[in-house]
Amino acid sequence: MTTDTPTGPGNARNGNTTPRGFVGVPRVSDDDPKQTKKDFTSDQEVRWCPGCGDYAVLAAVQGFLPDLGLRRENIVFVSGIGCSSRFPYYLDTYGMHSIHGRAPAIATGLATSREDLSVWVITGDGDALSIGGNHLIHAMRRNVNLTILLFNNKIYGLTKGQYSPTSDVGSVTKSTPVGSVDHPFNPVSLALGAEATFVARTMDSDRAHLTTVLRAAAEHRGTSLVEIYQNCPIFNDGAFQLLKDRDEKEARVLSLVHGEPVRSGAEHVVVRGADGALSVAPESEAAPGSVLIHDAGTGDPSTAFALSRIDDGSMTHIPMGIFRSVDRPTYDDQVRAQVEGARSGAGGPADDDDLAALLRGGDTWTVG
Amino acid sequence: MSSKPLQKLDRVVIRFAGDSGDGMQLTGDRFTSETAALGNDLSTLPNFPAEIRAPAGTLPGVSSFQLHFADHDVLTPGDHPDVLVAMNPAALKANLPDLPRGSTIIVNTDEFTKRNLSKVGYQASPVEDGSLESWHVHEIALTSITVEALADFGLTRKEKERAKNMLALGLLSWMYSRPLEGTEAFLRAKFARAPEILEANLTALRAGFHYGETTEDFAVRFEVAPATMPPGTYRTITGNAAMALGLVTAAHRTGLPLVLGSYPITPASDILHTLSGMKRYGVTTLQAEDEIAAVGMALGASFGGALGVTSTSGPGLALKAETIGLGVSTELPLVILDIQRGGPSTGLPTKTEQSDLLQAIHGRNGESPVAVIAPQSPSDCFDIALEAVRIATTYRTPVIVLSDGYLANGSEPWRVPSVADLPELDVEFATGPNDTDDAGEPVFHPFLRDPQTLARPWAVPGTAGLEHRIGGIEKADVTGHISYDPDNHDRMTRLRQGKIDGIADTIPDLEVEDPSGDARVLVLGWGSTYGPIAAAARLVRATGVSVARAHLRHLNPFPRNLGDVLRAYDHVVVPEMNLGQLALLLRGTYLVDVQSHTAVRGLPFPAADLAEVLHKAVAQTLEGVR
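Chains as they are written, first to last, in the working numbering: chain A, 1 to 368; chain B, 1001 to 1626.
FYI, nobody ran anything at the bench for these hints, they're computed from the structure.
Check each hint, because a few of them may be wrong.
To be verified - Which chain A residues stay away from chain B? Per the calculated CB distances, all over 10 Å, these:
(1) 27
(2) 50
(3) 51
(4) 55
(5) 209
(6) 233
(7) 247
(8) 276
(9) 277
(10) 315
(11) 336
(12) 358
To be verified - These stretches of chain A come out as covered by chain B in the derived footprint (C-beta under 8 Å, 3 or more residues):
(13) 147-153
(14) 317-327
Claimed, not checked - These stretches of chain A come out as covered by chain B in the derived footprint (C-beta under 8 Å, 3 or more residues):
(15) 65-73
(16) 339-346
For clarity, every value in this text was computed on a predicted model and none was experimentally measured.
In this text, a Cβ means the ideal position worked out from N, Cα and C, and glycines have one as well.
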């Protein structure tokens, strides 16, 4: 924790202009024609099922990408395998639809070797947390400058309906006819455990929240992990309905706003008990000073982690928003700095004479 | 100068053997450097256990280093040592079977204690019970002489004993008239911060040298004259070091940044270590979380326009298979170094084998052709790295390089090439539209191929107007859009295969070495068997028997003339350190029967054994038996 310095989501900008996540990435100049959603929409027909939550996320991303002010050719979307991983085909940026689970590794190689790119990873609950779990946690602990969108629909959609690592215990699916016994991952808890520097949760159907969170994630320098609750209308329809239903969500959704009390719309707040544990209580019954004021920028991730555990799996109280946003030197910046340091320390890039010296090494002899 | 008579030899094979902790690899390395500096040609064979420190004094803990040096060109580390330095009973017992009778054994008698003898099953000391009568045995108390020589040092006994390898090195340096200056300089650098340890090692080294001069045990010194080698600047180099230098050189020549994604694995890790120290040359090394991530990082870097490389051994190649397939599908340059070792599974991590050939060529799902090439000697790893980069960048394809533990750790003199004489490696990125659409507007088609090479354009992110998406799903010819069309898949599969097959247009014909011109038997090898096979052919020819020899560096595609070469001989022998993988390919590709001669002992073929196989094959062919 010691190297994490607090920033808070409002502090992701370096001065007034360039968000730190975009430093090094060429920007559109004022002389260029204004970028539009159309510029970011490819000529490919979108082929998700009718009613899929992916449409909403795609629309949101296409909607705010023009506002980031980045040159389109310097944006790359890398995905794995799964329904959501078709995402890059529909964006007119550079993209790679890679193989199952490996997008974070491929994106790490790309982001590290190219400071001038804004690199995004599109993944799902099976892709990121099952077959690709290893790459995901290592990308986060390294803090590579990547924005990872984890579409969580709690089901395997593309393979037609098997349970996933986020499916609830007891889920009856094609491969678990009498209910699954696997204990699920909580992606936010996992990300916080891996010491990701930006961790958030949002909802496919809430365009405004989605846009705000994704934009903050992109502007963050380091690995941003955004869990997007996403509905699969075919194999797991209504998985998040309790959080969307007008009558239910008021009481169930806890809004995470930096510097504000963590509260639901139904006048419940998160309080810290005498033992330090977090719980949800009616605002009227909360002891003075016990209400948790959200601090996404605190270096210690334990409160964020406790928030991520506040629901027991019943979706009674689900925090939505930015759990954590802190600064830590990024992997790619440091790797590049070592290479640059070695070069400048030796008087610049190697020329033919330097190479010849390298080939000779220390111990040579001459014949003839 | 020495007062003892000097005897000239044309070649010597020395093996240093001891416990894993006795410093035998270092001793061997230093003797190699001294020998190289004298201008002998040489070849080395380090042989060590996978355990870092196996129990002391046991057979599994024996580590050895063999060096063959001569006044003529050397092809192998030698079949049998002329001299064995055995630092303990285990080292003697493990290596005695390789020692021809009449050869020399130097034993460290201090270690021949009852306890150490019983550890390896000796009832009585072989030095005393007459069982070594057929060898020239020098019994030397290496440990106690070392301790005595260091009597004035304020070091513990254990620290003093540790310098015994330097005493042995000093003695052998005297025996074979090697200078000590190089090793002295090496020690000064190594122990710059520990002056007393430095002095102790220098003292032990010199004490060993003087011991040879003064003791009556050694009546003569030997001398091996320098070999005749082409003029130039030379250094010794291991295969792994040469591979790393080749990659850096290729990156320099192409102007591309080199990005190595790697996960530590024996015997490939030294490539990662070496390249991680070459940042100054624009080299980025990423130690990944696993083998799959390592190749993924390399491929991601290649997508971004860098030279993506991953280094591994057989188990890692298996893990990388799916990502290499993605490289085939996305048609991006990618270099995969497989430093082969004994398999299957974990197998023999520190021993050599050539058993990944079929994995390299076929070990992926679907029709997934890649180029496969193999170096034939430690220094050839430099040239093969340049060739790998040439093929990968020209054809936008993964290239698998099959080195192995023998080449990786073995060393030989290398004439350092002049940078100006190295092959040109030009890489062009796509910069603008390459086609027109139906309306006649300029467009960029990421899978519109170069008509000569069938390579697709390398359009890297950051290039305005060329935004496109690639992936592992089948792509429509030319446009690169997702396509499930049956005819398109058939066409794309054949195009990818045709692209790899077409590499043969740019590789040299297979050369056959047949000095007499009348050979009826051809011996054909690939990869690291070059030295043993060439040495065997030389042995056979020395008896007046003709045999032709050829060696493949390109395994996929094969050189264009390979079929003609095979059919030009009555009989073809293919020695391999596997159970006949190249033989299977040759039979399947050319309908030519070949005699597959195989061994998987974790060690290179002894040249004499191969010579016997060739003699038999020639005799039977001439008799018409076959």
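Whether residue 233 of chain A stays farther than 10 Å from all C-beta atoms of chain B, as the label says:
Given that every Cβ of chain B is farther than 10 Å from that of residue 233 of chain A, nearest at about 23 Å, it holds.
Closest CB-CB distance from residue 51 of chain A to chain B, is it above 10 Å?
holds, 22 Å
Minimum Cβ distance from residue 27 of chain A to chain B greater than 10 Å, as the annotation requires:
Its Cβ never comes within 10 Å of chain B, the nearest being 13 Å, so this holds.
Would the least Cβ to Cβ distance between residue 55 of chain A and chain B come out above 10 Å?
holds, 18 Å
Given as non-interface: residue 247 of chain A, partner chain B, CB spacing beyond 10 Å
Non-interface label on residue 247 of chain A holds, nearest chain B Cβ at 42 Å vs cutoff 10 Å.
Is the Cβ of residue 315 of chain A more than 10 Å away from each Cβ in chain B?
holds, 33 Å
With 10 Å as the threshold, tell me whether residue 209 of chain A passes as away from chain B on beta-carbon distances.
Non-interface label on residue 209 of chain A holds, nearest chain B Cβ at 28 Å vs cutoff 10 Å.
Within 8 Å of chain B's CB atoms, at least three CB atoms from the stretch 339-346 of chain A: coverage verdict:
holds (count 6)
Beyond 10 Å from every Cβ of chain B: is that where the Cβ of residue 358 of chain A lies?
violated, 7 Å
Against chain B, does residue 336 of chain A hold up as non-interface, every C-beta pair farther apart than 10 Å?
It is violated; residue 336 of chain A is separated from chain B by about 8 Å at its closest Cβ, not greater than 10 Å.
Coverage criterion applied to the stretch 317-327 of chain A (partner chain B; beta-carbon cut 8 Å; 3 residues)
violated (count 0)
If I take the minimum Cβ distance from residue 276 of chain A to any residue of chain B, is it greater than 10 Å?
holds, 34 Å
The structure shown violates the earlier hints numbered 11, 12, 13 and 14.
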